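Asks: What follows is the residue order along each chain.
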Amino acid sequence: MNVIVCVKQIPDPALPGELDPSTNTLKRDGKLILDESDSYGVEMALQLVTAAGGGEVFLVSMAPNGETSGLRTALAMGAAKAVLVSDPSLAGADALTTAKVLAGATKQLGDADLIIAGTESSDGYTGTVPEQLAEVLGLPSVTFAKSIEIADGTLKVDRQTESGYDEVTCSLPAVVSVTAGVVEPRYPSFKGIMAAKSKPVETVTAADLGIESVSWAQQITSVEDAPEREAGEVIEDDGETFNKIVEYLDNLKVI
Amino acid sequence: MGIDNIWVFAQAADGVPTTGTLELLTKARSLGGNVSAFIAGDGAGAAAALGDHGAAKVYATGDLAGALPGVAVAAAMRAVIDGGDSPDLIMFPQSYEGRDVMSRLSVKLDRTVLTNSTSITVDGDSVTVQTPIFGGTKLVNSTFTGERPFLASFRPKSFVAEGGAGGAGEVVAAPVPDVGAAGGAKVTAVHVEETSGPKLDEAAVVVAGGRGLGEAEKFDMVESLAKTLKGAPGASRAIVDAGWVPYSYQVGQTGKVVKPTVYIAAGISGATQHMVGMKGAKNIIAINKDKEAPIFGVADLGIVGDVHKVLPQLIAALEARG
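Each protein sequence line maps, in turn, to chains A and B. Under my numbering, the first residue of the first sequence is numbered 1, with each subsequent residue one higher. Under my numbering, the first residue of the second sequence is numbered 1001, with each subsequent residue one higher.
Source of the hints: derived by calculation from the structure; they are not laboratory data. Possibly wrong hints are sitting among the right ones.
[Unchecked claim] Some chain A residues judged to face chain B by a derived CB distance under 10 Å, without partners named: (1) P16; (2) L90; (3) K146; (4) I150; (5) T161.
[As the list claims (entries may be wrong)] Over the 12 Å line for every Cβ pair with chain A, so calculated as not near, a few chain B residues: (6) S1030; (7) A1168; (8) K1186; (9) D1300.
Owing to the predicted nature of the structure, the values given are computational and were not obtained by experimental measurement. We treat Cβ as the ideally placed atom computed from N, Cα and C, and that holds for glycine.
With these hints in hand, go ahead and build the complete structure from the sequences.
Replies: Written out as structure tokens, the structure reads:
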């Protein structure tokens, strides 16, 4: 069984984000890392392939400047190879364009039984790409999976809902988006890291995928500062500060 | 031509529309023109409340027979649009189903989507939505530039639901056409995680715990304080991911958005992803042992201290008051 995982390489979320002043889109020209949200999908794919008794995990990604640092992390975890779409014309692309591009990239890898993505990226968090990708490919999809099993060629998913979860069955091939925490992502071993350096990453442009013209029907018109929330009183606990909280709640008449 | 025809993707549980749905209908009717709701199921039970909030018409797909709404509702919407009723704008709640339907429809119609919005402005033919980024410190204004309908989703509590718009909406059948292989997913069982006390996103008091609690068992303190204050317990993503509490407890960008009278953050540092979900609280109390924690930047009352000491003292003091 072959599984394709969509992974995003993002600016380190621990660093303050920055907007490009000319386009008002997120600056993505520095070093990028594997989005932690996608490490769950990579791990899930590796486990499913192992459980199936054979097959490979492939990666697709879209990033500027031929950036592969994040892909190498996923390859070090155990993925076999990757297709990276890197094309200046895609800078600032919307979710729909991204889905079309990723759909094109998956076709470079041949027929897969399953495509896995995170529910949303940690930087843009539009949260629509997995379902859009499924529609572009004409596949069924299950979003917000918190567990995945494959038995007798059928996908079984526990899908998060607002009030609990649903059990869902789905025919294959399919697209599934996984929530954080669906599995515990492994740390790449030293051997894995060394092996990843020589694993194939095919870098292509949108045109290579047969996507001739790209444009999107939205424009950022302005960015403004949100009204600041003022910090209040901050006090060191001296063993009596709980009284301050009681007093505060009392003033609000919630007790 | 203005924005004369607006649809709202409506969600309901047991025939009762969700608050998020009613918020969007209220906003849609303030923008003027015709407002219709589009709902999965027969729509009969919900039509009165939907109409009361502004939907003159309720498109209803009929029973989905276990199909996930994403594929089915988007296909039904596409069929109505092809049939001649083409809206200028479709508003979706930022919910699991809202996202799925919007995503599928976006491809079917080849339209962009703008998600996670918290406000919308119509100026003549131009529609602009506002989305908070960087943990809500910046607001991005984005304008649709292409063909209609424009597709946008909105976070819960972006608008206030108000009834009084009129009688029940007229239910119009919008059956789901054949969707082929894309319809291969079926719900076989539904599980509801029971919670006692008020709902997290409606409670006047929310007590939320984070990694600073140290271990899963210590979440009992959070539940106990929430119960004492007749509030709801909540959690940061970190401890949901760690499996300490169910996902339904999560407050934040990918969890619930809460705006209680009081939010008590216990052992929560205040990651961007969490702050987005609770910054709208009227009052914030934070207890954390790291005085540099970002949560103190938004707290009205911050206690730099050990939650394992402060919470038991606080619970005892409140219980002593009776």
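Asks: Are all C-beta atoms of chain A more than 12 Å from that of K1186(B)?
Replies: Check fails; 6 Å does not lie beyond 12 Å.
Asks: Given I150(A) as an interface hint, is its Cβ closer than 10 Å to any Cβ of chain B?
Replies: Hint on I150(A): violated, closest Cβ of chain B at ~14 Å, above 10 Å.
Asks: May I ask you to check that S1030(B) keeps its beta-carbon over 12 Å from the closest beta-carbon of chain A?
Replies: Since the minimum Cβ distance to chain A is about 21 Å, S1030(B) lies beyond 12 Å and the statement holds.
Asks: Classify the hint on P16(A) as holds or violated, based on whether any CB of chain B lies nearer than 10 Å to its CB.
Replies: holds (8 Å)
Asks: Is the hint on T161(A) kept, meaning its closest Cβ partner in chain B is under 10 Å away?
Replies: Holds, because the Cβ-Cβ distance from T161(A) to chain B comes to roughly 6 Å (cut-off 10 Å).
Asks: Holds or violated: is there a CB of chain B closer than 10 Å to the CB of K146(A)?
Replies: holds (7 Å)
Asks: Would you check whether L90(A) satisfies its interface hint, that is, whether its CB is within less than 10 Å of any CB in chain B?
Replies: It is violated, given that the least Cβ distance between L90(A) and chain B is near 14 Å, above 10 Å.
Asks: Compute the least Cβ-Cβ separation between D1300(B) and chain A, then decide whether it is above 12 Å.
Replies: violated (4 Å)
Asks: Compute the least Cβ-Cβ separation between A1168(B) and chain A, then decide whether it is above 12 Å.
Replies: Answer for A1168(B): holds, closest chain A Cβ roughly 25 Å.
Hints 2, 4, 8, 9, counting from the list given before, are not met by this structure.
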